[in-house]
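These protein sequences, in sequence, are chains A and B.
Here the first sequence is numbered in the working numbering, starting from 4 and rising by one per residue.
Here the second sequence is numbered in the working numbering, starting from 4 and rising by one per residue.
A couple of the hints might just be wrong.
Identical copies carry no separate label here, and so any pair may be met within one copy or between two of them.
Straight line, CA to CA, 25 Å or less: simulated BS3-like cross-link-like pairs of lysine-lysine [claimed, not checked]: (1) K299 x K66; (2) K89 x K66; (3) K33 x K299; (4) K310 x K170; (5) K299 x K388; (6) K33 x K388; (7) K310 x K150; (8) K233 x K66; (9) K299 x K310; (10) K33 x K66; (11) K233 x K89.
Everything labelled a hint here was simulated from the structure, so no lab data went into it.
2 protein chains.
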Amino acid sequence: MTAISSRMTRFADVNSAVLQFLTNSDYTRKAGEPGICDFAIGNPHEMPLPGLISALEYQLQPKTEEWYAYTMNESGAVQTVVQSLKDRYGLAIEPENVIMTTGGFSAISIAIHAVTDPGDEVIFNSPPWFFYEAMLQGAGCIPVRVKVRPDNFDLDLEAIRAAITPKTRAIIVNSPNNPTGKIYPPETLRALADILTEASARNGRIIYLFSDEAYRRILYDGVEYSSPIKYYVPTFMLYTYGKQTLAPGQRIGYIALPSAMPDVRSVALACLTAQLTVGFAQPNALLQHALADIEKTCLDLEHLQYKRDWMIRELRNIGYDVHLPEGTFYLLPRSPIPDDQQFIRLLAEQNVLCLPGELIEMPGYFRVSLTANDSMIERGLPGFKAAFEAARA
Amino acid sequence: MTAISSRMTRFADVNSAVLQFLTNSDYTRKAGEPGICDFAIGNPHEMPLPGLISALEYQLQPKTEEWYAYTMNESGAVQTVVQSLKDRYGLAIEPENVIMTTGGFSAISIAIHAVTDPGDEVIFNSPPWFFYEAMLQGAGCIPVRVKVRPDNFDLDLEAIRAAITPKTRAIIVNSPNNPTGKIYPPETLRALADILTEASARNGRIIYLFSDEAYRRILYDGVEYSSPIKYYVPTFMLYTYGKQTLAPGQRIGYIALPSAMPDVRSVALACLTAQLTVGFAQPNALLQHALADIEKTCLDLEHLQYKRDWMIRELRNIGYDVHLPEGTFYLLPRSPIPDDQQFIRLLAEQNVLCLPGELIEMPGYFRVSLTANDSMIERGLPGFKAAFEAARA
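Pulled out of the complex, with its shape left as it was, chain A reads as follows:
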């Protein structure tokens, strides 16, 4: 394939299972069909939140000549972020250290480009989000995989310590974690900070923490969220509004850097140049104008928790082994047979679409998105039962 670049060939290799799932699979053949119960992807299956629509509607009519001009870090949007971080988490972030991005994808890409060079190693924890590894490879970095603890899905601190080398430049931490639903507790984050601080000193070069906090607002049981940024200064806080609004097609997010980060002005400027390099990864003007209202918009967490509890109760009744997630949209049941791809096919025969664990480095599991609507759950549960019985037969 000399027609395309080796980097994109590698990307396709690393993500071949995901790309096939997204472009040519039971999922693509069946999703959207009447009667299909779609639990595969964290996509909406109810009408968009009225708060999102009214936020956009309210800002649509231009108020100035520059309303739709080149928009980078629009001061109103930045101020919304600063105030939100102060009110929600007691964090004091300077406006000049907030970089508005087109959602979480580009926040990750920009962080990578801003501080890593080709050949740098970046640690990520497995199970990971689909695209960490390929995005790191695309940027010329060496992805280093560390499995989380199998007993409780917490970070495996000793394995992280052992994975650090003189070439380690960053570690990606995703809490609440997709797909395990785990929130890493303060004591884990504190111990991780000690490990990174010590290793940075030994290396004579900062090891950054990229904190992917996409699901930070999707929490159950009134649990509190602790950001790694509270424990480790050289942290890129990466956020997207795509989860809380469940509108990933209207992309806005940000990077926030603590004032105490060494050379923070240079890092913020490197984020700006990285945005230009990857292709003007600034969110659209309308979304930035609407951010003060979007900030207040969040899907109905009570209803989400109801769906979580309902499904867990029923899945356990059927016989599934499934743990209780603390956050995110996802359940992660064990497949009743070792081959999760085959079990996903059994579910698809019942018109139930789920994500095979193989795609998220959790072989023997499968992922269920709670963004399915009540009717899909109602109709889907007998399918989960029939597939379970077929697998056990």
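Assemble the complex: chain A is given as a structure, and chain B must be docked to it using the hints.
Relative to chain A, chain B alone:
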């Protein structure tokens, strides 16, 4: 600066003059002040086009549950592009070879990532758009600069031929050209195609043409536009709606690939993976829904031509040496003194903001954006006269 990556340090070095202009200059200090006449950047100085607002307004209310779900190449938007290319230019592009992008910036970035690898050489013509060189460097490519012909700003075909090496992977062609306003004629494009075809055969590897057509709809005097894609098959047509709508804060554009391009399906898939790599560089859902109406929306070219002719007449009367552009928003007068940066300061003293030629590799010239409104032109012309006289004093 070990806090940031070497690639971003290089980016900042290459674009230091541009970054300073955009972040800390007479331009940033004075732009937007009352009385200021802003000719510096191709940004709007009149209210947004009503057609753009109504296009967005009409599609804002969600029609389906998936209205704001993950959006890649939305079929309605792709169909709009296919139909537009057929109607306007008689081109037959397959829907599967259209890749929707967040404007021109990301179209360029995606093309680079899709088919080049680190170490590949990419030729660009000078004067270039600000960010070609830095984007190429950011992607690990080696930028190779070829000056256009000084007599008529046409491509210098012999210089391009001489610049091609076995490592050449692509050439960027920008017609109509920012900042010269030149449209490269069919005979130039045909001869360029011959050069590239011959060199590709010699190299045993395709040399792609990245055709940056951002200003394709901004034409004067009823002139016809010829795309390089008509003459050379391995061409990435790169388009953005940001110029025709003069709304660069609402970003939508595309890459179109000809069906006859070798391995075209692989190339289109490489574009998709490149979009994921750089950070989900797909345009927002609302813009894709609205594209059929946005496609019909264009700034008032008659009025733009009126402003061009008015300013050229007056600038020539004052004594400026300025040629007639065939397209784009820009005039490119010679600075009356060799030091264009100093002349820009003289203009700024008159509350007239322009872009120094040094920033666009045209030392001794300066750039005037015709997106200034009539009142700015009216008020600015005496300033152009006073600065001219001060420079000659």
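Within, between, both or neither: K89, K66 at alpha-carbon 25 Å: neither (28 Å within a copy, 36 Å between copies)
Status of K388 relative to K33 across identical chains (alpha carbons, at most 25 Å): So K33 and K388 pass the 25 Å test inside one copy only (20 Å; across, 68 Å).
Same-copy or cross-copy closeness of K299 to K310 [CA-CA at most 25 Å]: Result: close within a single copy only, 22 Å intra versus 45 Å inter.
Within, between, both or neither, where K310 and K150 count as close if Cα-Cα is 25 Å or less: Answer is neither; intra-copy 29 Å and inter-copy 63 Å both fail.
Same-copy or cross-copy closeness of K299 to K388 [CA-CA at most 25 Å]: For K299 and K388, the Cα distance exceeds 25 Å both inside one copy (39 Å) and across copies (52 Å).
Copy assignment of K310 with K170, given that the CA separation must stay at most 25 Å: Neither: 44 Å inside a copy, 57 Å across copies.
Same-copy or cross-copy closeness of K233 to K66 [CA-CA at most 25 Å]: neither (38 Å within a copy, 42 Å between copies)
Homo-oligomer pair classification [K89, K233; C-alpha up to 25 Å]: Classified as within: same-chain Cα gap 12 Å, cross-chain 56 Å, threshold 25 Å.
Copy assignment of K299 with K66, given that the CA separation must stay at most 25 Å: both (22 Å within a copy, 23 Å between copies)
Identical-chain pair category, K33 with K66, by Cα at 25 Å: between (44 Å within a copy, 21 Å between copies)
K33 and K299: within-copy, between-copy, both or neither at 25 Å Cα: neither (35 Å within a copy, 35 Å between copies)
Checked against the numbered hints above, the structure breaks hints 2, 3, 4, 5, 7 and 8 and satisfies the rest.
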